[in-house]
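**Student:** Chains as they are written, first to last, in my numbering: chain A, 1 to 257; chain B, 258 to 514; chain C, 515 to 797; chain D, 798 to 1080.
Worth flagging that the hints you see were computed from the coordinates, not collected in a lab.
Treat the hints with caution; some may be incorrect.
Unchecked claim - Some but not every residue of chain B turned toward chain D, in silico, with C-beta under 8 Å: (1) Val-280; (2) Thr-304; (3) Arg-315; (4) Cys-329; (5) Thr-331; (6) Leu-333; (7) Thr-334; (8) Arg-343; (9) Cys-344; (10) Gln-347; (11) Gly-349; (12) Val-485; (13) Thr-488.
Stated by the list, open to error - Selected chain D positions facing chain A (Cβ under 7 Å, derived; list incomplete): (14) Phe-823; (15) Ser-869; (16) Trp-870; (17) Pro-874; (18) Lys-921; (19) Gln-1029; (20) Lys-1033.
Even glycine gets a Cβ: it sits at the ideal position worked out from N, Cα and C.
Each chain is listed here by its residues.
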Amino acid sequence: MSAYTPNEIMTIAAARLLTNEDVCFVGIGNPSAACNLARLTHAPKITLIYESGTLSTRPTVLPLSIGDGELCDTALTTVSVPEMFRCWLQGGRITIGFLGGAQIDRFANLNTTVVGPYDAPKVRLPGGGGAPEIASNCGQIFITMAMGTRAFVDRLPFITSFGHGKGKGDRAALGLKTKGPTKVMTDLCVLEPDPDTAELTVVSLHPGVTRDQVQAGCAWPLRFAADVAETPAATEQELSVLRDLHARTKQAHGVAA
Amino acid sequence: MSAYTPNEIMTIAAARLLTNEDVCFVGIGNPSAACNLARLTHAPKITLIYESGTLSTRPTVLPLSIGDGELCDTALTTVSVPEMFRCWLQGGRITIGFLGGAQIDRFANLNTTVVGPYDAPKVRLPGGGGAPEIASNCGQIFITMAMGTRAFVDRLPFITSFGHGKGKGDRAALGLKTKGPTKVMTDLCVLEPDPDTAELTVVSLHPGVTRDQVQAGCAWPLRFAADVAETPAATEQELSVLRDLHARTKQAHGVAA
Amino acid sequence: MAEFMSLRDAIATHLKDGDSVAMEGFTHLIPYAAGHEVIRQGQKDLTLIRMTPDIIYDQIVGMGQARKLVFSWAGNPGVGSLHRIREEIEQGRVAIEEHSHAAMANAFEAGAANLPFAVFRGYKGVDLPKVNPNIRSVTCPYTGEVLATVPAVRPDVAIIHALKADREGNVLLEGIVGVQKEAVLASKRSVVTVEEIVDDFGPRNANAVILPSWTVTAIVKVPGGAHPSYAQGYYKRDNAFYIAWDKIARDKAVFLKWMEENVLAGGPESFAAQARRFAVAAA
Amino acid sequence: MAEFMSLRDAIATHLKDGDSVAMEGFTHLIPYAAGHEVIRQGQKDLTLIRMTPDIIYDQIVGMGQARKLVFSWAGNPGVGSLHRIREEIEQGRVAIEEHSHAAMANAFEAGAANLPFAVFRGYKGVDLPKVNPNIRSVTCPYTGEVLATVPAVRPDVAIIHALKADREGNVLLEGIVGVQKEAVLASKRSVVTVEEIVDDFGPRNANAVILPSWTVTAIVKVPGGAHPSYAQGYYKRDNAFYIAWDKIARDKAVFLKWMEENVLAGGPESFAAQARRFAVAAA
């Protein structure tokens, strides 16, 4: 078994959840790596959509931006951005949306807008982009984020995209018919909303990770499921495909690997 | 001078009003003949748009339907019908819309929907199609219709598209910023809304047509302008181009010329 | 993923009595072969949705299969009336919900976009809103302007004809595309007939109009399936038939005899021969 | 009809102090050459509208030419922050109107459609409506559902980069087309830079994305004009530059020196050479 980084196991754990039947709305970075890893391993028929308008795309290298030419070159077709957001995302055609964020709370609400007051920001982040409507319009949401107490926070200064609000039932109360976040893949563990309360609960620890390490990366007192599993270790195949993908990508982007 | 039919002079009179700068939303039949006659004579750069989505089209024969392949083959490009109605017609990009109808009243309102009560029709007509929004969204409207007391009626049973309502100021009262009908070309004469009342007024008689003949084709007492002109006779060039166009068209549609 | 089926199975499986169905195609690519299969199978109480009912709905309405017609222009383009539809409406035997083209186009787009309604600037000063209670309005929350609304069209089934499908079941449209893509995306199920099935679409414009396989329910190869409408690059519109239809449909007995001989006794295989008469050289 | 102009004249004629301007291009075809000309000419008090401000607005904001920024995602894609924009916002030196992508895309489309606002299903449960008074709602007149609204975007000027223009001034786009077409149709005036001017577009998809000449104000030939963004079929995205920008923009003095050397002392002719380094073989 090769050694692998926490970031690699986070990507691999996300990839494993995807199937040939999924239609994924893919964000840049970890989600893109996870989706393409799934496509290049166990889910060759998975459908990948990037918000730049590329439908059913099959990139050979990972895009740096959401709209790299590679995505268009390998797409079935490319639609305008208004059509993408109206007919494809809002149209309810996406089974899985991937999100990340600067900050997450215990109900999987996300902040990518601002730290500090909105009108007098301490840190101005990039903003929501597609996230608010990805969070509400996709069948379910997978979140990938590395843990840390500045990221997994007790209280968000700003809700950029809605997870489970203040708990179970809040989505339904807003008229949302989609599931919202069902999985949070981190560098240390996998969390899922508790079926009764919707509070994020650790369901699986990555190999070699302790409960204390996970708690150290989270600002609120973490709940653990009754049976916490161990995330299966990364396989040789998963690692080699993922590393090949990253190596091709770095070369393509003109960055020393 | 060749002899020509009332229908021919109606088409020719309409064609003469068009310029290279116009962007016309073209309906089937007389409007299509008039627009293409203009394009093939004095206005080669006129822009023709058919509601099927064809932008800047240059048909060599007249289409039978609004969506003949000829229109697409000779278009700059072809957009979807929702885009056509949203961005091009409603978008305010059309300078001149052509309309006809089964019936017209003295304020150039049109009926193409029904004769008799809507729920128990005496004659069910095809309906409005694009007309309601052509009438409101184009810069101005040219109407072509053959006269007759069943067509030029005192009172419409149904207003399919809005002209000048019950008179001057009614368009503005509805919030319409477009001019509405500015010309009505018939087989006998040309009418224009009176600048003060918006009531249709005969401004020009076709060669050889008398005031009595025009009044006989209209169910309301017609007003005549202070100076009624004579429509210039059809020229040899206008007639030969128009007849060639019709002959090519009949041949292309598989109908004996 | 789209399933490749026979026309008989596709219609029998996906269209039921009482369904609302949109057979779209704006002059171009009207799904006649599929429409004739519906006539042979005899589904009843249909709500027929189409901007321009065209001959295809004149036939289905004339055969008594429609409960309601949702439309914006019910004529024979460039020819005159659709006599069967006209008579059924005049006799009060079919319900209608009538809109303008702008309203219908917006309603299909809203359906595809999963919105409950569409907003547009229309119906100013006209009588249709007085007779169609589904024409309503909203007030712009910024300017106070009152705009027209129409409910989204969300049919049970969309039926369209397209140029090509590939082996994965992706569907390519080109030319006058009307509201076909929106109709499929707005519907619960869809049946798409195509001129041909190819291994792959090959080099193409990056923005080609394509319905991905996972948005389509069933695909059927029916060469010529749009005749007497047309398929860009394959065959031209049979304008002479549109003109001839006026006489056929004017008299109900003549109409029924024509339908018996040409539709009920026919099958989808007859379309290829009709289309061949109007074939165009491939681009 | 579109007028063929020099870049200097096109920007000087059509962009004035205080204008609202949308320089669009979703990753692809971002109009950098035109943006740099705006920086050289120094128009002030601009309202800059763009879904993804990208480096182009980091540069213009960093040069102090913007009064207000209307946007939905202000980052350096795949890299991190746009440091100039971030600092200006954090210091309160530029006003912002912030939306989501869905809202901005709908707002451009509504502008192109000459509607005062757009309706969409969005902003559920999130905080942006609390800080942006332009996010409002309407109630569906059929279902009672409350939906989000956004005012239409109607800029004074749209600036885009496209692949080709023909001699009549029609403009061809292909690939990731973003909201460029909508931006031009929504604006009072437009400046379009293109890779090349051809006699005619030749054989093409019947549904190619084309802006007719009479919808465009000015056309300027600037080969490479989208670098470090890209032009499909001409040259690739200069991803290394996007990564390198992070260091350049982090420090204001470094940024200003870079702008002095690479923009203020430059001209549109420098873009061709940059793009040549990333040239792709023609399709």
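**Student:** Next step is simple, just say for each hint if it's right about the structure.
**Tutor:** Going through the hints against the structure:
Proximity of Val-280 (chain B) to chain D holds as hinted, the smallest CB-CB distance being about 6 Å (cut-off 8 Å). Interface restraint check: Thr-304 (chain B) against chain D, minimum CB-CB distance 6 Å, threshold 8 Å, status holds. Taking 8 Å as the C-beta contact cut-off toward chain D, the hint placing Arg-315 (chain B) at the interface is violated, the least distance being around 12 Å. For Cys-329 (chain B), the suggested interface contact is upheld, since its CB lies about 6 Å from the closest CB of chain D, less than 8 Å.
Contact between Thr-331 (chain B) and chain D, as hinted, is not supported at the beta carbon level, the nearest pair being about 11 Å apart and thus beyond 8 Å. Because the closest C-beta pair between Leu-333 (chain B) and chain D is about 6 Å apart, less than 8 Å, the hint holds. Taking 8 Å as the C-beta cut-off, the interface hint given for Thr-334 (chain B) holds, the closest approach to chain D being about 4 Å. The interface hint given for Arg-343 (chain B) is met, as the beta carbon of that residue sits about 4 Å from the closest beta carbon of chain D, less than 8 Å.
Among the interface hints, the one on Cys-344 (chain B) holds; its C-beta lies about 5 Å from the nearest C-beta in chain D, closer than the 8 Å criterion. Taken as an interface hint, Gln-347 (chain B) checks out: its beta carbon lies about 5 Å from the nearest beta carbon of chain D, inside 8 Å. Taking 8 Å as the C-beta cut-off, the interface hint given for Gly-349 (chain B) holds, the closest approach to chain D being about 5 Å. A cut of 8 Å between beta carbons decides the hint on Val-485 (chain B): the least distance to chain D is about 36 Å, and the hint is violated.
This hint is violated: Thr-488 (chain B) has a C-beta 30 Å from the nearest C-beta of chain D, more than the 8 Å allowed. Using the Cβ-Cβ criterion of 7 Å, the hint placing Phe-823 (chain D) at the interface with chain A is satisfied: the shortest such distance is roughly 5 Å. Because the beta carbon of Ser-869 (chain D) sits about 6 Å from the nearest beta carbon in chain A, less than 7 Å, this interface hint is met. Hint on Trp-870 (chain D) holds. Least Cβ distance to chain A is approximately 3 Å, under the 7 Å limit.
Satisfaction of the interface hint for Pro-874 (chain D) is found here, the shortest Cβ-Cβ separation to chain A being roughly 4 Å, below the 7 Å cut-off. Taking 7 Å as the C-beta contact cut-off toward chain A, the hint placing Lys-921 (chain D) at the interface holds, the least distance being around 5 Å. Interface restraint check for Gln-1029 (chain D): the shortest CB-CB distance to chain A comes to about 6 Å, inside 7 Å, so the restraint holds. A least Cβ separation of about 6 Å between Lys-1033 (chain D) and chain A falls short of the 7 Å threshold, and the interface hint therefore holds.
Hint check: violations occur at hints 3, 5, 12 and 13; the rest are consistent with the structure.
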